[in-house]
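With these hints in hand, go ahead and build the complete structure from the sequences.
6 protein chains.
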Amino acid sequence: MRFAAFGEVMLRLSPPEYLLLDQTNDLRMDYTGTGVNIMANLAQFGYETSLVTVLPDNRLGQVAKAAIAKYGIKTDLLRFAHHHIGSYFAENGYGARPTQVTYQNRHHSSFGVSNHEAYDFEKVIAESDLVQICGISLSLTDDTRDAAHTLAKKTAEAGKKVCFDFNFRPSLNTEPDKIAFMREQYEKILPYCDIVFGSVRDLTDLLQLEMIGTEDELIIQFMDKYQIEWFAGTRRFSENKQKQQEGFLYSREEYAVSPKRELTILDRIGAGDAYAAAILTGYVERWRLQETVEFAAMNAVLAHTIHGDVPLTTKEQVFTVLENPGIDLIR
Amino acid sequence: MRFAAFGEVMLRLSPPEYLLLDQTNDLRMDYTGTGVNIMANLAQFGYETSLVTVLPDNRLGQVAKAAIAKYGIKTDLLRFAHHHIGSYFAENGYGARPTQVTYQNRHHSSFGVSNHEAYDFEKVIAESDLVQICGISLSLTDDTRDAAHTLAKKTAEAGKKVCFDFNFRPSLNTEPDKIAFMREQYEKILPYCDIVFGSVRDLTDLLQLEMIGTEDELIIQFMDKYQIEWFAGTRRFSENKQKQQEGFLYSREEYAVSPKRELTILDRIGAGDAYAAAILTGYVERWRLQETVEFAAMNAVLAHTIHGDVPLTTKEQVFTVLENPGIDLIR
Amino acid sequence: MRFAAFGEVMLRLSPPEYLLLDQTNDLRMDYTGTGVNIMANLAQFGYETSLVTVLPDNRLGQVAKAAIAKYGIKTDLLRFAHHHIGSYFAENGYGARPTQVTYQNRHHSSFGVSNHEAYDFEKVIAESDLVQICGISLSLTDDTRDAAHTLAKKTAEAGKKVCFDFNFRPSLNTEPDKIAFMREQYEKILPYCDIVFGSVRDLTDLLQLEMIGTEDELIIQFMDKYQIEWFAGTRRFSENKQKQQEGFLYSREEYAVSPKRELTILDRIGAGDAYAAAILTGYVERWRLQETVEFAAMNAVLAHTIHGDVPLTTKEQVFTVLENPGIDLIR
Amino acid sequence: MRFAAFGEVMLRLSPPEYLLLDQTNDLRMDYTGTGVNIMANLAQFGYETSLVTVLPDNRLGQVAKAAIAKYGIKTDLLRFAHHHIGSYFAENGYGARPTQVTYQNRHHSSFGVSNHEAYDFEKVIAESDLVQICGISLSLTDDTRDAAHTLAKKTAEAGKKVCFDFNFRPSLNTEPDKIAFMREQYEKILPYCDIVFGSVRDLTDLLQLEMIGTEDELIIQFMDKYQIEWFAGTRRFSENKQKQQEGFLYSREEYAVSPKRELTILDRIGAGDAYAAAILTGYVERWRLQETVEFAAMNAVLAHTIHGDVPLTTKEQVFTVLENPGIDLIR
Amino acid sequence: MRFAAFGEVMLRLSPPEYLLLDQTNDLRMDYTGTGVNIMANLAQFGYETSLVTVLPDNRLGQVAKAAIAKYGIKTDLLRFAHHHIGSYFAENGYGARPTQVTYQNRHHSSFGVSNHEAYDFEKVIAESDLVQICGISLSLTDDTRDAAHTLAKKTAEAGKKVCFDFNFRPSLNTEPDKIAFMREQYEKILPYCDIVFGSVRDLTDLLQLEMIGTEDELIIQFMDKYQIEWFAGTRRFSENKQKQQEGFLYSREEYAVSPKRELTILDRIGAGDAYAAAILTGYVERWRLQETVEFAAMNAVLAHTIHGDVPLTTKEQVFTVLENPGIDLIR
Amino acid sequence: MRFAAFGEVMLRLSPPEYLLLDQTNDLRMDYTGTGVNIMANLAQFGYETSLVTVLPDNRLGQVAKAAIAKYGIKTDLLRFAHHHIGSYFAENGYGARPTQVTYQNRHHSSFGVSNHEAYDFEKVIAESDLVQICGISLSLTDDTRDAAHTLAKKTAEAGKKVCFDFNFRPSLNTEPDKIAFMREQYEKILPYCDIVFGSVRDLTDLLQLEMIGTEDELIIQFMDKYQIEWFAGTRRFSENKQKQQEGFLYSREEYAVSPKRELTILDRIGAGDAYAAAILTGYVERWRLQETVEFAAMNAVLAHTIHGDVPLTTKEQVFTVLENPGIDLIR
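Chains as they are written, first to last, in full-length UniProt numbering: chain Z, 1 to 331; chain X, 1 to 331; chain L, 1 to 331; chain C, 1 to 331; chain V, 1 to 331; chain E, 1 to 331.
Think of the hints as simulated: they come from the structure by calculation, not from any bench. Please note that the accuracy of each hint is not assured.
Note that the list lumps identical chains together, so a pair holds whenever it fits in one copy or between two copies.
Below, computed lysine to any residue pairings styled on SDA-like, alpha-carbon distance capped at 20 Å [claimed, not checked]:
| no. | residue 1 | residue 2 |
| --- | --- | --- |
| 1 | 225 | 191 |
| 2 | 243 | 262 |
| 3 | 243 | 325 |
| 4 | 153 | 30 |
| 5 | 243 | 330 |
| 6 | 260 | 242 |
| 7 | 241 | 320 |
| 8 | 243 | 172 |
| 9 | 74 | 47 |
Structural data, given as structure tokens:
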């Protein structure tokens, strides 16, 4: 099974040990992004994965390429042009203090200014069985929207699978009527999609589907409308101030929910991508829904315990923790 | 509103990542002290603040000055003389292991050997609306006592506000009858004070006020005696091994108590100063007592989640957490 | 009271701040091992301690020696030969993610290829009152088995005390019938032992003693059989997902159990050695069983809050925490 | 004497210890720029200095402000708007390997998109005696050109001194005929300038002045044309593979050249700004030309031995090294 | 052009900043080895490269694989078996203090215990045009000798190019008559080799060729005997205590020598591999000998200025420094 | 041969990588002092060494003790009292920028306030063959002078050797007529001394001996006057801006001078102590003067290449470098 992901690579800069940016001169540099995260996790799981993006044609592009290769992702679909990489600063939270993310210019990044002409989508599709398209590309610029729509359409037409996540970031959209604008984008891409990650709120608030019956019915209605095979996501709870999370997964015939899992959070960012990677694993391995959602929920739990956005879990590790609750030492 | 604080600047040296001093050669250097902490926090809150102290007339004094300026505190009231800065080592605790603080020589520091003649208190008072005097200066040396008493008297006589905190450190006093000695000091300074931070225990054990009725009555009796406007402090609890804290605040007419807040502690030291800075904010902004104490209690909760003694919170951050309980990511 | 320990010194390499090995180029280097841990802790407690082992005859041996001296352990019984030190990588766990230990070649280490001829056991015994023998040496190689058996026999014959811990590591044994093989080893060494650390499971699964009555009866039966003075160990519990631990301690006349203590874990490895060191302290100080087991259980709690394997607690610190529950700052 | 500088604040990110960006995840963060460098050095020299720039209105702007305050520069002329700060990565060279600087997007930085309306130039001029304008602002964007020209004109008209440096960066200009375009810019600003930093090559290649006689005559011709008071710069040599540098300084009546000084380079960037700050010091202190140029050349030598762009030398330090050649330890 | 290298991957552990191992707990971890170094450099130069080796089948093997992928080397020819990776500690020298390398067990590493059966040499040869075989494999163990000889023979028989370097490490050989033993090994492999790296001393001392005429004649005689196409190496000089190096390169028709280049050494290890990678580049690009040797000598100069063994230079960088002597800043 | 040293242990705090104190929050902590340095080096050379000093009776004292033990120095002559350790900050120089040392309070350190009553000098003398007394103790306080004089007298009277170094630090003396005061101190201690480290300038300026003939004659006159066995020191030169150093060594019959050695300086502090330790080695080993002074001069050269004050050289290393000039890699 060969996966490819289309999305932006971002430079993440974070101070060490829960320090604030004004408390230190030291930063940790990582290269990340929804596509990187999902492909890296799938590579850890043993699959062949590629990244489809444009990196700066300078030292930063080379360094990002090396980081991507280190995750086990294939780099031959990367393109290099322009001179800017989007970046963000993450000041890691602790206790009641939330993690603070500050974005630097994303709209003018090498990815942000590249439309479909920057890529060789035919090659991408020829070398992949499933293409993941990050929803942020629909918010970013006209160029990234163009590329995302083109890729989704071509992939579907080639009979390959398309996976999409909503990932709506209101702060990135500058249009006067964001919601209407984004609804249009989503409606344009969804007909080409087979697997979708999102929440009920994405369906009601973004797609403005009307909630007539239960949430389950709404989801099935959505899946039927766009001929979606799998729809998945997570829900968070807070019980006695302890954060918890469960995963859900729908096919058009049935659905499954994972047990609620307590979250001990080392790094909040990227855990959703771990969930997605694990769901895709169940999909390509043809695991049962329940098996898949439990694996994915635990993978997300573990991703919360790993520094940085990129979930470096292995299948074996997820199974070990599922089978040995409370295990705290492996020799 | 212009604030000034009189107090010692100390060099804090702490090993990284919960290591003990004999486990590493690496130390983190910070410049701290009650005055620094309160002024830094008020500067973060948007006020003009100054520090009134004597720093060594050498590289360490220059470095301390740079650190103070970085916190946004004005440095033109600083004086430079002698060659020693008081310092302490903090080995950060974890779980059942308490934080261990080891002091180096404070009595011979540039601050410790400077009496009122080292300062230009007229300028201090002319450029400030409220002067905070750290109670530790009453314990330290004859010189610092002299300076503290002189400054309190002159400030009050000039019609500016005086804020005082008890901050009794038995280990710093070497007099045979510490309590009697310190009681005398407190009785001498309190008539000049408008805002006082302390606990019921300070009133009964140090001032040796007799507890006849309730704690509330004792506090009001104390405030009446010295014509104190606001009296404030915090109380700690332990429920199911979870540490909690509440703040209290008295005017002579009414009082307010914050909800109990759970403490997740990254760094224990300096959180009391965050509480004080926030109370002073409510005072100068003429917020209601309840509003003030809730803001202050949350500010103290957040200060526990920040490395080092200096509470680098902002008003906006405190309000965000008050209004969005459980929020753990801000983009 | 003079203690000596026979066992391997290992090089521990761990990435900082809960990072995985593929996330960083930085490692922390420590020298550790059951013998090092117990002797270091006893040295912190004020006793004279020595280590009996073979280190590489190169820079690593010198560096290991310096690390051992830093712990306050005497180094004149060390021997230097060959060129390899056993090592392991520890990726520190967080929340649901277990700590992952990866061993490098232990069988060919300087310790692993040294039999009793490499040592001057007469000198060891002459200069010690109690010799601790780590059970791992019975699993490792024919050479280490030879040395351990020889040392136990000679120590007992000289009228000095022998302390032994089971410490069975199935992954180190390569014999076809591990259990039978190890049972033979244990049966050979136990007649020389006075203090033994282990669990009921060691008695039933390794020694294959039959559980007829209660666990207490089984333990007494075992102690009677081998004329053991003290038998001690710990038991772990999980209540509401909070890990807890209690210690137990048997003489042939009575036994004691500590209160269950909650574990907040900074570093999982080496806490059992802290428990052993504290039990030995009670033994040589002739403390009562109950006093000893409570001291030991709290020492183990504190060891969980210290980075690395070596428990750098002091007696004073353990007593302070026992007497002031919840204390989180010492100045 | 009160100085102000107009120019961009940049975020500098550099890996530690001569490592390349693909060899580490660690970066050092500094805030820098010609204006920052010169004002910081003058503040170290004991003068009042301010920075006139636009910083992002987010966490990065706050952090940059704290860094600027730490250098002793006044921050009340700073403005906060937009969300991007220009940044660059510096991979420090060693031996034959040159330092590699990689710029990220500067054109869309908060500074780059701000014209004169973003500032309160009246206040800048009222609070300053000399305004330094960085020539890079003429290359950057239409907005920065507008701001620079406006400020130069207003400052001159108010009878305050204007200092300008050529600082031509061809890579920043995107106009078809860069040289002609930049010549026009320089000709527009020079009539308002009193002190100019540059080289003979700037006069011949950028201003396209014709070299008829000697270099000295060309410089005087240039100074006469624009009524420049002081013109200064440095020249580099390489003798026996040892890098050397000398400074020159012209008034319209006389000129001075410093001895050639050997360069031992720890950090190449920012040393020119140290030279400029020292020349300005001689200017405001009315030192003789020769005295000034020797002080400035040594200040530049020392700046090459300090990490980062910001020259943290003191007057006392420069004099000590001038008076004690070869001194390598001060206690 | 597709390259493959056969050789051991070693774990290099070095303390930071010229510290000794007993001065710090911090180590930098790198994965290195002659094969890694040459393939990494060739990958930086833009070629497809693969590594042929056996890594441990555990976390260390995975981490090593990630490191190799980060260098741009293909990882699909890697094999995973056993549990040990050879390692060494490098204490970086300074001035008169030499770099101290301490090896840990190499003979029992996963590579050391693997003979030709561990590999799929057919696949290696099918996917490569030139195979580099590290001479250390002839010194290490019977298994590595077997694998090296088998691979050389099969590669030559398949009509692909074989590159070999002498790289004699006397400390690795334990045979009674090392020289005779190794001579036999070399004589066995050389008939299959096309490009050889070595020195005149390798020819006289190891191969025991008799020096009758000049060095040039000896080299030609050696090349004729084994039908070697290219023979290359470096020579070091010390002039006025300044270290210098030149490269030489022989075809059977002509030879070339580079200018002597001064060495400023940041890290001594691995620079020879940079030289080899650059010679191979000239070979496959069919550059003239003189052009090749100058490129290679400068590449080696630059490799001395980069931390670690792996030469992360690019072609563009080498040409820039060749064409701009003394350049110390690139923006 | 058993050595003991009497002197202060100081805490050294230095920023990493040539950074200034205002450029970083990171410090490296070391425990140092003339006595520590000489004893540590002699311990590395294989001798039994002890330190005679008073350390603070708190965590810092314990940490200092661990550091001393790590150097291989025996710790049983240490005493623990009071709460302060003298400290200094070292900002490492580079090129023309000198190393800047800033002392914190030494006069009130545990060592500074301890006179001979704090020690068990009988035990010191009984357990030592040669006692080294650091001359700084004559400058520091009345208490340290008392202790130094007492120890020198008692050691000489017991027939053990006394070694003394001038080590005059004008900044530590506060007496009105420093030179006369110190001359008196020196004249009081010299009659008990056997080996003295100093310079001709110490003899002329401090002892105010009149230079009538040559320097050699002056030294012999001094040695005769006080019955000194060996007098040794170093001289520095600067040739072509390259720093050089030679050692000299006088017995009363002959003298020897080492070759001039070039200095490549990583850390300037403590190199004199390496020279002293090596001279003492020659003394106890009864090496010839020339052999001794060459060994000592090279040991000092190597000490300049090691971070921190403590010279961690070995005899073997010194001989290797003496015998293999230019060697830069040992495997």
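Do the hints match the structure? See the list:
no. : hint      : in the structure
1   : 225 x 191 : within (8 Å within a copy, 70 Å between copies)
2   : 243 x 262 : both (6 Å within a copy, 14 Å between copies)
3   : 243 x 325 : both (18 Å within a copy, 12 Å between copies)
4   : 153 x 30  : neither (32 Å within a copy, 44 Å between copies)
5   : 243 x 330 : between (26 Å within a copy, 17 Å between copies)
6   : 260 x 242 : both (11 Å within a copy, 17 Å between copies)
7   : 241 x 320 : between (27 Å within a copy, 18 Å between copies)
8   : 243 x 172 : neither (28 Å within a copy, 40 Å between copies)
9   : 74 x 47   : both (11 Å within a copy, 16 Å between copies)
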